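The whole structure should be built from the sequences, with the hints applied where relevant.
Numbering (my numbering), first residue to last: 61 to 101.
Any given hint could turn out to be false.
Stated by the list, open to error - DMTMM-like mimics (lysine to aspartate or glutamate), calculated; alpha carbons at most 25 Å apart, straight line:
hint, residue 1, residue 2
1, K97, D64
2, K96, D70
3, K65, D78
4, K96, D64
5, K97, D78
These are calculated hints, taken from the structure and not from any lab test.
Please read all numbers here as calculations on a predicted model, not as lab measurements.
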Amino acid sequence: MHCDKIAVMDAGRVVEFDSPSMLLAQPQSVFAALAKKSGTA
61 MHCDKIAVMD AGRVVEFDSP SMLLAQPQSV FAALAKKSGT A
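What follows is the structure, encoded as structure tokens:
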């Protein structure tokens, strides 16, 4: 991924904000689940 930070939004609120590598390293991360589902993780 070519970005410094990712913001994951849910119902208009930021639920996660960090670097992609930090979010992917957290098994409970919404971002990690989305990446896994899309096949990019």
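Going through the hints against the structure:
no.: 1; hint: K97 / D64; in the structure: holds, 22 Å
no.: 2; hint: K96 / D70; in the structure: holds, 18 Å
no.: 3; hint: K65 / D78; in the structure: holds, 5 Å
no.: 4; hint: K96 / D64; in the structure: holds, 19 Å
no.: 5; hint: K97 / D78; in the structure: holds, 19 Å
When the structure is compared with the earlier hints, no violation turns up for any of them.
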